[in-house]
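A.B. asks: Each chain, letter by letter, is given below.
2 protein chains.
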Amino acid sequence: MTKKYRNGEIWEFEREMSGRTGGGGGGGGVGGVILGIDGGTTSTICVCVPLLPLQQSLHLPDPLPLLARVEAGCSNHNSVGETAARETLEQVMAEALSRSGSDRSAVQAICLSVSGVNHPTDQQRILNWLRDMFPSHVKLYVRNDAAAALASGTMGRLSGCVLIAGTGSIAFGFTDDGREARAAGAGPILGDWGSGYGISAQALTAIIRAHDGRGPQTKLTNSILQTLGLSSADELIGWTYADSSWARIAALVPAVVSCAESGDEVANNILQDAVKELALSVNAVVQRLGLSGSDGKGSFPLVMVGGVIEGNKGWGIAQEVINCISKDYPGVVPIWPKVEPAIGAALLAWNFLKDSHQE
Amino acid sequence: MTKKYRNGEIWEFEREMSGRTGGGGGGGGVGGVILGIDGGTTSTICVCVPLLPLQQSLHLPDPLPLLARVEAGCSNHNSVGETAARETLEQVMAEALSRSGSDRSAVQAICLSVSGVNHPTDQQRILNWLRDMFPSHVKLYVRNDAAAALASGTMGRLSGCVLIAGTGSIAFGFTDDGREARAAGAGPILGDWGSGYGISAQALTAIIRAHDGRGPQTKLTNSILQTLGLSSADELIGWTYADSSWARIAALVPAVVSCAESGDEVANNILQDAVKELALSVNAVVQRLGLSGSDGKGSFPLVMVGGVIEGNKGWGIAQEVINCISKDYPGVVPIWPKVEPAIGAALLAWNFLKDSHQE
Numbered sequence: 001m002t003k004k005y006r007n008g009e010i011w012e013f014e015r016e017m018s019g020r021t022g023g024g025g026g027g028g029g030v031g032g033v034i035l036g037i038d039g040g041t042t043s044t045i046c047v048c049v050p051l052l053p054l055q056q057s058l059h060l061p062d063p064l065p066l067l068a069r070v071e072a073g074c075s076n077h078n079s080v081g082e083t084a085a086r087e088t089l090e091q092v093m094a095e096a097l098s099r100s101g102s103d104r105s106a107v108q109a110i111c112l113s114v115s116g117v118n119h120p121t122d123q124q125r126i127l128n129w130l131r132d133m134f135p136s137h138v139k140l141y142v143r144n145d146a147a148a149a150l151a152s153g154t155m156g157r158l159s160g161c162v163l164i165a166g167t168g169s170i171a172f173g174f175t176d177d178g179r180e181a182r183a184a185g186a187g188p189i190l191g192d193w194g195s196g197y198g199i200s201a202q203a204l205t206a207i208i209r210a211h212d213g214r215g216p217q218t219k220l221t222n223s224i225l226q227t228l229g230l231s232s233a234d235e236l237i238g239w240t241y242a243d244s245s246w247a248r249i250a251a252l253v254p255a256v257v258s259c260a261e262s263g264d265e266v267a268n269n270i271l272q273d274a275v276k277e278l279a280l281s282v283n284a285v286v287q288r289l290g291l292s293g294s295d296g297k298g299s300f301p302l303v304m305v306g307g308v309i310e311g312n313k314g315w316g317i318a319q320e321v322i323n324c325i326s327k328d329y330p331g332v333v334p335i336w337p338k339v340e341p342a343i344g345a346a347l348l349a350w351n352f353l354k355d356s357h358q359e
Numbered sequence: 001m002t003k004k005y006r007n008g009e010i011w012e013f014e015r016e017m018s019g020r021t022g023g024g025g026g027g028g029g030v031g032g033v034i035l036g037i038d039g040g041t042t043s044t045i046c047v048c049v050p051l052l053p054l055q056q057s058l059h060l061p062d063p064l065p066l067l068a069r070v071e072a073g074c075s076n077h078n079s080v081g082e083t084a085a086r087e088t089l090e091q092v093m094a095e096a097l098s099r100s101g102s103d104r105s106a107v108q109a110i111c112l113s114v115s116g117v118n119h120p121t122d123q124q125r126i127l128n129w130l131r132d133m134f135p136s137h138v139k140l141y142v143r144n145d146a147a148a149a150l151a152s153g154t155m156g157r158l159s160g161c162v163l164i165a166g167t168g169s170i171a172f173g174f175t176d177d178g179r180e181a182r183a184a185g186a187g188p189i190l191g192d193w194g195s196g197y198g199i200s201a202q203a204l205t206a207i208i209r210a211h212d213g214r215g216p217q218t219k220l221t222n223s224i225l226q227t228l229g230l231s232s233a234d235e236l237i238g239w240t241y242a243d244s245s246w247a248r249i250a251a252l253v254p255a256v257v258s259c260a261e262s263g264d265e266v267a268n269n270i271l272q273d274a275v276k277e278l279a280l281s282v283n284a285v286v287q288r289l290g291l292s293g294s295d296g297k298g299s300f301p302l303v304m305v306g307g308v309i310e311g312n313k314g315w316g317i318a319q320e321v322i323n324c325i326s327k328d329y330p331g332v333v334p335i336w337p338k339v340e341p342a343i344g345a346a347l348l349a350w351n352f353l354k355d356s357h358q359e
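Protein chains in written order, with full-length UniProt numbering: chain A, 1 to 359; chain B, 1 to 359.
Honestly, the hints are just simulated from the structure, not real lab data. Incorrect hints may appear among the rest.
Copies of the same chain look alike in the list, so a pair counts if it works inside one copy or between any two.
[Unchecked claim] Here are the computed lysine to aspartate or glutamate pairs in the DMTMM-like style, where the Cα-Cα straight-line distance is at most 25 angstroms:
#	residue 1	residue 2
1	K276	E265
2	K276	D234
3	K276	D243
4	K276	D62
5	K297	E340
For clarity, every value in this text was computed on a predicted model and none was experimentally measured.
Please construct the entire structure, taking both the sequences and the accompanying hints into account.
C.D. replies: This is how it looks when you write it as structure tokens:
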């Protein structure tokens with residue numbers, strides 16, 4: 001077997017390990033392994049799990065045994081550039097294998113589910129890069145980050161819809177026959193109003209409108225000015241000009257939820273609008289892919305992830321979104337994943353591997 | 001009289017002129033002059049007009065005699081920093097005086113109406129700087145850029161409301177007794193939806209929504225993709241990420257107006273919403289200042305300027321805004337200025353000077 005040392009430093013541990021165990025193909029101290037990678041704009045997580053007998057696939061152990069879990073920074077090539085993104089991905093994979101007492105020759109399959117992969121060309125570029133780094137028997141799968149998020153709720157089945165509502169928002173759907181569709185996820189300029197950024201920007205706007213007489217007074221004013229340490233609504237203009245990063249603005253969602261919970265009508269309306277936007281993006285995907293069958297009543301899984309959905313159970317954004325979707329698609333089956341997306345990616349790799357053996 | 005040569009190069013012409021005319025205080029070849037400066041984020045314009053006998057103020061010649069007009073770049077200190085902003089302002093004033101065959105000793109009054117002046121501290125800082133540059137008899141007035149825009153329509157009277165709708169939008173009102181109020185003008189993050197940026201961002205959002213199934217089909221898709229040389233709505237995401245400058249996005253307004261004129265319902269609704277937003281910002285100012293009197297039926301001038309209002313007379317944004325305001329304030333008197341804001345600034349300086357003589 002050819003080992004390719006593309007990056008001496010990163011893969012150095014393999015030579016040391018090879019020396020210790022007497023060398024050869026077997027892959028260090030453990031049997032075959034699978035890598036699942038969830039590469040996002042905020043962080044990148046790689047898990048290494050043991051390859052279980054393929055017959056076990058219907059009854060996976062719960063929790064899945066984990067050999068290693070490694071976390072690093074951004075691996076979205078749109079944000080940090082291709083070189084930095086690849087270095088991050090290569091490092092988390094090497095580190096996960098090293099910590100597992102394993103090496104590249106032991107890897108059976110990799111699923112790299114990474115944000116910023118939106119076109120087949122993105123996918124092919126990353127596949128070529130991975131292909132060059134791993135032995136030829138390794139099965140490689142590259143998807144966008146929505147795939148891992150969906151799989152974390154469906155235990156590795158790439159079928160159904162996932163709604164991600166964090167700083168940004170996107171709905172992504174996959175069918176059993178390989179079709180896929182997305183809605184929203186176009187960023188703040190292009191109106192992702194259901195996202196954490198969208199909710200917070202609407203709240204800031206409501207404060208300005210109350211201040212200059214265009215809108216009703218709201219508890220958001222005191223709550224958010226206090227959160228930001230500002231003394232007047234005027235100062236919000238300078239605050240947004242100083243740094244308009246989406247995450248900084250999206251961090252205000254908890255204040256909006258608190259105001260809505262305490263009965264503020266303006267905050268409540270902002271959350272209601274966000275709920276409608278999120279439901280609409282799911283409905284658009286379900287409609288386009290026909291996920292609910294020809295009569296619109298078939299059941300389909302809807303995996304829900306992201307800070308806006310997970311972190312704010314008081315007001316109940318997630319439940320409101322489900323209620324809203326149910327009016328059009330009563331067969332929606334909401335799923336709150338018990339595992340993280342990187343595990344979802346590992347499960348996808350496992351299922352792809354199994355399918356490739358059955359073919 | 002003390003001449004202060006703060007910047008040898010910029011004011012060099014005064015020494016040469018002084019030599020030619022035999023020197024002294026009289027101010028070169030002409031009598032007293034007034035400087036009006038409209039300092040904006042896109043450009044800075046300085047006009048030099050002759051001082052007319054003060055009794056003439058009720059019957060100003062039309063057009064106002066112009067000794068010089070000089071144009072330069074940005075003088076908003078928030079955009080380019082204080083040093084660059086001041087250099088631009090100093091240069092346009094020197095150049096206008098030089099071209100008028102005049103110098104600083106001939107100046108009777110200056111009105112500097114510049115964007116980015118939002119607090120009394122901004123105003124005082126610029127006043128101190130001007131004070132240090134001009135002889136002590138010169139009357140100095142510093143206001144934000146809305147003042148010159150209003151005065152360009154009211155022939156120098158700082159009373160009434162001005163609506164500026166270009167890349168951004170703002171409503172600004174002034175009363176005879178010196179009160180003032182503003183609405184909107186807080187930038188795109190804080191929801192200036194009536195601005196050119198707001199209209200265009202809504203249009204781009206509508207294209208994405210039509211594309212992913214969340215919204216109705218619209219002629220905006222073909223029209224704007226063609227304008228931008230893109231082949232698919234997906235590419236809009238990359239286009240906005242590549243450069244999200246407001247002016248680049250606001251430049252799409254004519255395409256939105258064309259689509260509305262050709263009967264596109266989506267484009268029409270976007271313009272209707274923008275009209276409501278613009279009218280609301282004017283109404284908020286009129287309400288807070290009581291510009292329409294105690295019964296709300298008094299007349300007040302509304303000066304309307306900016307690319308969104310001036311450049312799109314086909315669909316009639318300006319007329320729709322007036323119609324909308326009239327429902328609440330039937331005394332609104334729309335004014336489309338015949339002169340540019342820099343002339344408005346000169347007229348303000350003229351009126352301030354006259355008032356100071358009467359005091």
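A.B. asks: Now, for every hint given, state plainly whether the structure supports it.
C.D. replies: Going down the list of hints, with the structure as the test:
| no. | hint | result |
| --- | --- | --- |
| 1 | K276 with E265 | both (16 angstroms within a copy, 22 angstroms between copies) |
| 2 | K276 with D234 | between (30 angstroms within a copy, 23 angstroms between copies) |
| 3 | K276 with D243 | neither (29 angstroms within a copy, 29 angstroms between copies) |
| 4 | K276 with D62 | neither (35 angstroms within a copy, 56 angstroms between copies) |
| 5 | K297 with E340 | neither (29 angstroms within a copy, 63 angstroms between copies) |
Violation of the numbered hints given earlier is confined to hints 3, 4 and 5; the remaining hints are satisfied by the structure.
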